[in-house]
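Chemist: Please take these sequences and the hints and turn them into a complete structure.
If you read the protein sequences in the order shown, they are chains A and B.
With the first letter of the first sequence counted as 1, position 46 gets the number 46 in this note's numbering; the numbers rise by one all the way through.
With the first letter of the second sequence counted as 1, position 104 gets the number 294 in this note's numbering; the numbers rise by one all the way through.
Any given hint could turn out to be false.
Just a sample of chain A residues kept apart from chain B, beta carbon distances all over 12 Å, derived [as the list claims (entries may be wrong)]:
1. LYS10
2. VAL14
3. ASP31
4. GLU48
5. GLY61
6. ALA66
7. PRO75
8. LYS101
9. ARG103
10. VAL109
11. ASP141
12. ASP142
13. GLU171
14. ASP190
Simulated pairs of lysine-lysine, DSS-like, Cα-Cα distance not exceeding 25 Å [said to hold, decoys possible]:
15. LYS21(A) with LYS47(A)
16. LYS102(A) with LYS40(A)
17. LYS356(B) with LYS237(B)
18. LYS40(A) with LYS230(B)
19. LYS101(A) with LYS271(B)
20. LYS211(B) with LYS81(A)
21. LYS81(A) with LYS356(B)
Read the hints as simulated data drawn from the structure, not as lab findings.
Even for Gly, the Cβ is constructed at its ideal location relative to N, Cα and C.
Number of protein chains: 2
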Amino acid sequence: LQILKERIRKDGRVLDGNILKVDTFLNHQLDISLLNEIGKAFYEAFKEREITKIITAETSGIAIAAISAQYFDVPVIFARKFDSVNMDANSYEGSVYSYTKKRDYKMRVPKHLMSSNDRYLLLDDFLANGEAIKGMKALIDDAGATLVGTGVVIEKSYQSGHAMLKEMGIEVVALAKIASMQGNTIVFKD
Amino acid sequence: LQILKERIRKDGRVLDGNILKVDTFLNHQLDISLLNEIGKAFYEAFKEREITKIITAETSGIAIAAISAQYFDVPVIFARKFDSVNMDANSYEGSVYSYTKKRDYKMRVPKHLMSSNDRYLLLDDFLANGEAIKGMKALIDDAGATLVGTGVVIEKSYQSGHAMLKEMGIEVVALAKIASMQGNTIVFKD
Numbered sequence: 001l002q003i004l005k006e007r008i009r010k011d012g013r014v015l016d017g018n019i020l021k022v023d024t025f026l027n028h029q030l031d032i033s034l035l036n037e038i039g040k041a042f043y044e045a046f047k048e049r050e051i052t053k054i055i056t057a058e059t060s061g062i063a064i065a066a067i068s069a070q071y072f073d074v075p076v077i078f079a080r081k082f083d084s085v086n087m088d089a090n091s092y093e094g095s096v097y098s099y100t101k102k103r104d105y106k107m108r109v110p111k112h113l114m115s116s117n118d119r120y121l122l123l124d125d126f127l128a129n130g131e132a133i134k135g136m137k138a139l140i141d142d143a144g145a146t147l148v149g150t151g152v153v154i155e156k157s158y159q160s161g162h163a164m165l166k167e168m169g170i171e172v173v174a175l176a177k178i179a180s181m182q183g184n185t186i187v188f189k190d
Numbered sequence: 191l192q193i194l195k196e197r198i199r200k201d202g203r204v205l206d207g208n209i210l211k212v213d214t215f216l217n218h219q220l221d222i223s224l225l226n227e228i229g230k231a232f233y234e235a236f237k238e239r240e241i242t243k244i245i246t247a248e249t250s251g252i253a254i255a256a257i258s259a260q261y262f263d264v265p266v267i268f269a270r271k272f273d274s275v276n277m278d279a280n281s282y283e284g285s286v287y288s289y290t291k292k293r294d295y296k297m298r299v300p301k302h303l304m305s306s307n308d309r310y311l312l313l314d315d316f317l318a319n320g321e322a323i324k325g326m327k328a329l330i331d332d333a334g335a336t337l338v339g340t341g342v343v344i345e346k347s348y349q350s351g352h353a354m355l356k357e358m359g360i361e362v363v364a365l366a367k368i369a370s371m372q373g374n375t376i377v378f379k380d
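Modeler: What follows is the structure in structure tokens.
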């Protein structure tokens, strides 16, 4: 998505430790016009796939999912993060390993909000090591539902996530693929 | 907002301890068509007030703010919650007392996302005791910016929040005002 890559070049900030900050437009301050372009692009990619619900993880995915859902005309649900390892009998859940925090956490959705008949599109802001998406796939499996595909706004293509998810049979559509970041220079894959 | 009240009557669940669950359409699963009606209603209420940015608090306010911002054509920012009492020099912040957790937490926004020239509309899902909105007002004051007004989807009018905020000079527009909840019966104020 050209407008997205231009915006990342203009306003993205590369910080030490392989961090790309896009908090002025994507995941803390939200440029709603840009989110609409993102939503349209996800719709173009998945419109033939009979999506019945969009799912995301709190917090950064919520606005992306809500704006995108307008094009699909489906509801959104989001999974909440819990540090606890206790199983909640009333929730479907999936485990995520956090490299930052060096521990597992759970993504949970109350059971009454998910149905095994649903065909989910998973949306998120970033794909890097793929652990968050892998955990969301486990949650959808726990509900006996179908993960049709995943849309991410920015993929760090030099990390292992995309390949791991592909191996798991999870289709990923990324709107901006970053091949490398050096100093303030962001190189896109395509 | 009639469509909202009807939805609360139909799908809201009253639980023990004065809790109204609206998680099937407002703050966990999101009915995007309803959120658009909510956004239009907030726009009608505040369209003459030169709003330059919409602000909300994670997590439940984010989708409401994102959808509503389309009508105002302004960006959204959200404040993050931190348990810590430590001041972060790079953030504006406000304290919120949580009756549930019986302790203060901080709402924070990085300084580079706020400007003293901004005129904020604060949006949230619920108004009950008003503590969250009071904390967000403190955050906006910390940034030297203007809180033009507050829009909440559901107000528990039998609690003290509305009166407290009015006394502080904060204008509140509520789209559904609940006068009382008894068993499964929800009585609206108007």
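Chemist: Honestly, which of those hints from before does the structure not fit?
Modeler: 3, 5, 6, 7, 10, 15, 16 and 21
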